[in-house]
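Number of protein chains: 4
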Amino acid sequence: MSFPQRLIDGYNAFTAGRLPSEQHRYRELAERGQHPEIMVIGCCDSRVSPEVIFDAGPGELLVIRNVGNLVPPHQPDGQYHGVSAALEFGVGVLAVKHIVVLGHAQCGGVKAFAEHAEPITPGDFIGHWMTLITPAAERIGPRDGLSMEEYRARLEKASILSSLDNLMTFPLLRRQVEAGALTLHGAYFGVARGELSVLDQASGEFRPVPARG
Amino acid sequence: MSFPQRLIDGYNAFTAGRLPSEQHRYRELAERGQHPEIMVIGCCDSRVSPEVIFDAGPGELLVIRNVGNLVPPHQPDGQYHGVSAALEFGVGVLAVKHIVVLGHAQCGGVKAFAEHAEPITPGDFIGHWMTLITPAAERIGPRDGLSMEEYRARLEKASILSSLDNLMTFPLLRRQVEAGALTLHGAYFGVARGELSVLDQASGEFRPVPARG
Amino acid sequence: MSFPQRLIDGYNAFTAGRLPSEQHRYRELAERGQHPEIMVIGCCDSRVSPEVIFDAGPGELLVIRNVGNLVPPHQPDGQYHGVSAALEFGVGVLAVKHIVVLGHAQCGGVKAFAEHAEPITPGDFIGHWMTLITPAAERIGPRDGLSMEEYRARLEKASILSSLDNLMTFPLLRRQVEAGALTLHGAYFGVARGELSVLDQASGEFRPVPARG
Amino acid sequence: MSFPQRLIDGYNAFTAGRLPSEQHRYRELAERGQHPEIMVIGCCDSRVSPEVIFDAGPGELLVIRNVGNLVPPHQPDGQYHGVSAALEFGVGVLAVKHIVVLGHAQCGGVKAFAEHAEPITPGDFIGHWMTLITPAAERIGPRDGLSMEEYRARLEKASILSSLDNLMTFPLLRRQVEAGALTLHGAYFGVARGELSVLDQASGEFRPVPARG
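Residue numbers (our numbering), protein chains in the order written: chain A, 1 to 213; chain B, 1 to 213; chain C, 1 to 213; chain D, 1 to 213.
Next up, chain A with everything else stripped away, as it sits in the complex (with noise of 0.2 Å):
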């Protein structure tokens, strides 16, 4: 079997490990479905578990996860979307209560953006993934004086606001956060000290989580 050994020893671990605690809400999940009432729309960075960063649960979290988490908007083309068909099994579906955009530092799709980097194959699906962030870039203005490292985290930051505008492009998400029968919310995770900040509307600041006392 050339299945990679890494996994196969992973997932002994797991059912020596987490599984048997577990066992029966997988059961339960299995039989009665899902119910998370929290979305989550991180990267597909591995450095950003949302499970691990949440410590969730088998059935706690609906979780997408794409280059730069990002959110293109809503457009009804008859195309395939894949973020726009998660929101939709998400919100009209499964009826979560919660969407998280789930940034963070060094992030590779970002840096790609920032650094305009030449193409790297004809189809060039990074260069035009991460136009997703043109508004973002424009709402922070030039790199001017800020040292690269610097005007990154601006923009991963900047993105999540921008993600959070793309979702109020859906229709159906729209209605239902103006209804109060749904919440977004942004995160950013720096992968370093392993710091969560979340983000204040109000200000549009990204304030750390308190540590618990």
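To be clear, the hints were calculated from the coordinates, so they are not data collected in a lab. A few of these clues could be false.
[Stated by the list, open to error] What follows is a list of derived Cβ distance ranges for each label pair:
{"id": "1", "chain 1": "B", "residue 1": "Gly78", "chain 2": "A", "residue 2": "Ala95", "range": "32 to 38 Å"}
{"id": "2", "chain 1": "B", "residue 1": "Arg207", "chain 2": "C", "residue 2": "Thr131", "range": "57 to 63 Å"}
{"id": "3", "chain 1": "A", "residue 1": "Glu178", "chain 2": "B", "residue 2": "Gly78", "range": "31 to 37 Å"}
{"id": "4", "chain 1": "A", "residue 1": "Ala95", "chain 2": "B", "residue 2": "Met148", "range": "21 to 27 Å"}
{"id": "5", "chain 1": "D", "residue 1": "Glu138", "chain 2": "A", "residue 2": "Glu150", "range": "56 to 62 Å"}
{"id": "6", "chain 1": "D", "residue 1": "Gly33", "chain 2": "C", "residue 2": "Pro210", "range": "28 to 34 Å"}
{"id": "7", "chain 1": "D", "residue 1": "Asp77", "chain 2": "C", "residue 2": "Arg25", "range": "38 to 44 Å"}
{"id": "8", "chain 1": "D", "residue 1": "Ala95", "chain 2": "B", "residue 2": "Gly78", "range": "50 to 56 Å"}
{"id": "9", "chain 1": "A", "residue 1": "Ala16", "chain 2": "C", "residue 2": "Arg25", "range": "36 to 42 Å"}
{"id": "10", "chain 1": "B", "residue 1": "Arg32", "chain 2": "A", "residue 2": "Pro20", "range": "34 to 40 Å"}
{"id": "11", "chain 1": "D", "residue 1": "Asp77", "chain 2": "C", "residue 2": "Ser147", "range": "33 to 39 Å"}
Predicted model, so just to flag it, every value in this text is computed and none were measured. Where a beta carbon is used, it is the ideal one built from N, C-alpha and C, also for glycine.
With chain A's structure known, arrange chains B, C and D on it following the hints.
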């Protein structure tokens, strides 16, 4: 702060529990960047967290998740293609060695397809998105005498094969696969019992990972 | 058969000597394909064989060799670009982890450049090809009081740095290098004593590989 | 020192093993310069090292290697032409007596051509480079009933003939060949069994080098 209390509590559990032992690793991953060898294409389903099932630590798995763990075919048309961007990032930039399409039982996306649900929004994003498994449906033929549950399970598995086919439509991936630099895998998670099966590509069958003796 | 007898004899020595012990490996490499982790860009010079200097077996080193171990800059103009094709093959298809630019002492190409030799053919292919080291020549400045031998040695080393710069003009390579998936190295072989130095990229100096104690 | 440990170890094996017995030869070659009589145009493939296959010592083989062991036709346009520069160096400067185009089985470049793979980078360097074997493909005609493996083997051999044709487009080479000062050869290495065949130019067939009795 309106941020969901469940997430604040979960984050506090993370900082009190897992973070201290992994703090060094997070810092290193922030400084040196991520170098995952395995990419997982999973479903947004709240019961199927790749990091949980494979007991993965920070930096180990590059993870993209969408409804139905689907891969659209290569389509270099300058539109937003989230999965394609992630594949380009994983294979072209991070040079992962393995891609695993991780399907699962009781998939809501497959259910939506199998039961020909009516659109819930005018854009019908789920409907369009899930037409990606039409080739899988053709592969397994009509439902005939099968129970809906059995039919959906077959469709869930056939859809993994279709996604693997679609991965091979990306020239960069195809070349690396043919050269042996990249390997594609299929896996299927049975939510109820927490059972993992992996695809035997020679026979097209899914075989349970044997329990560690 | 007009084929050079020296090569027939050499091949017979190979089949009588090295081949039997490596036959299994050759067969395996034919069946499974090559998976070299290291690519060497060396000179065509008959005294500087990468497989000899690094005692490499079949399947270990992907090797391109040209006059002066040079890398032209990225130039996507649809012309024939042998080095670029090899880089695309090594990095894009075979996913090598390291690229080593291997320069050496007494390089005939560098000599041709340093001594401004007249063209020997109207096409003056050597002359045009070796203008690739003009940036290296500018880097080290005028010859001034240096002996021609010393000047050429400096040029040989500076040219390795220029080739490393040019490697970074290829988007696919640049992205992988920045992501840490690919590493670039410089090395210099002193033909007379068989001494190998490797480039310390922090200082730009070449340091001898210490003798094994 | 981040230099690949495999290469450090290999170099140490060289200095402990082969170097001592060849030290004198290296020193002489450094002082008196190289005078190889044979030039080999080989593939970058890690399984096909000319020095290994021909059991060659320092100073014996001038070697250029690129994807597919190809020779572009003479094109005196002032662009960078690595193969042409090497031919000019080998024939015009070092006056080699033989040029061997060394092809081989399971060639990745020929495979890329034969299977008409889509471009993997915007420059599509492999694709453009491998169009050099279009005349070889025309020479052997359509694939028809041949297996892909057999077709590729034919193409690999026909491509050697095309490269020999292209060598004759260089006026300097043509003159020397016609004057009997230079001889051109084709050879083909079967990786699996380590078998060498050489081209009989009268018949256009490749004949195995007979085993030494």
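Going through the hints against the structure:
In this structure, Gly78 of chain B and Ala95 of chain A meet the distance hint of 32 to 38 Å, their C-beta atoms being roughly 35 Å apart. At about 60 Å, the CB distance of Arg207 of chain B to Thr131 of chain C agrees with the hint of 57 to 63 Å. A beta carbon spacing of about 34 Å between Glu178 of chain A and Gly78 of chain B agrees with the range 31 to 37 Å that was offered as a hint. The given range of 21 to 27 Å is respected by Ala95 of chain A and Met148 of chain B, whose C-beta atoms sit roughly 23 Å from each other.
Taken as a hint, the range 56 to 62 Å holds for the pair Glu138 of chain D and Glu150 of chain A, whose Cβ atoms sit roughly 58 Å apart. Separation of Gly33 of chain D from Pro210 of chain C is about 29 Å and conforms to the stated range, judged on CB atoms against 28 to 34 Å. One distance hint, 38 to 44 Å for the beta-carbon pair Asp77 of chain D and Arg25 of chain C, holds here, with the actual separation near 43 Å. A hinted range of 50 to 56 Å for the beta carbons of Ala95 of chain D and Gly78 of chain B is consistent with their spacing of about 54 Å.
In this structure the hint that Ala16 of chain A and Arg25 of chain C lie 36 to 42 Å apart at CB holds, the actual value being about 38 Å. The hint said 34 to 40 Å for the Cβ distance between Arg32 of chain B and Pro20 of chain A, and at roughly 35 Å that hint holds. At about 36 Å, the CB distance of Asp77 of chain D to Ser147 of chain C agrees with the hint of 33 to 39 Å.
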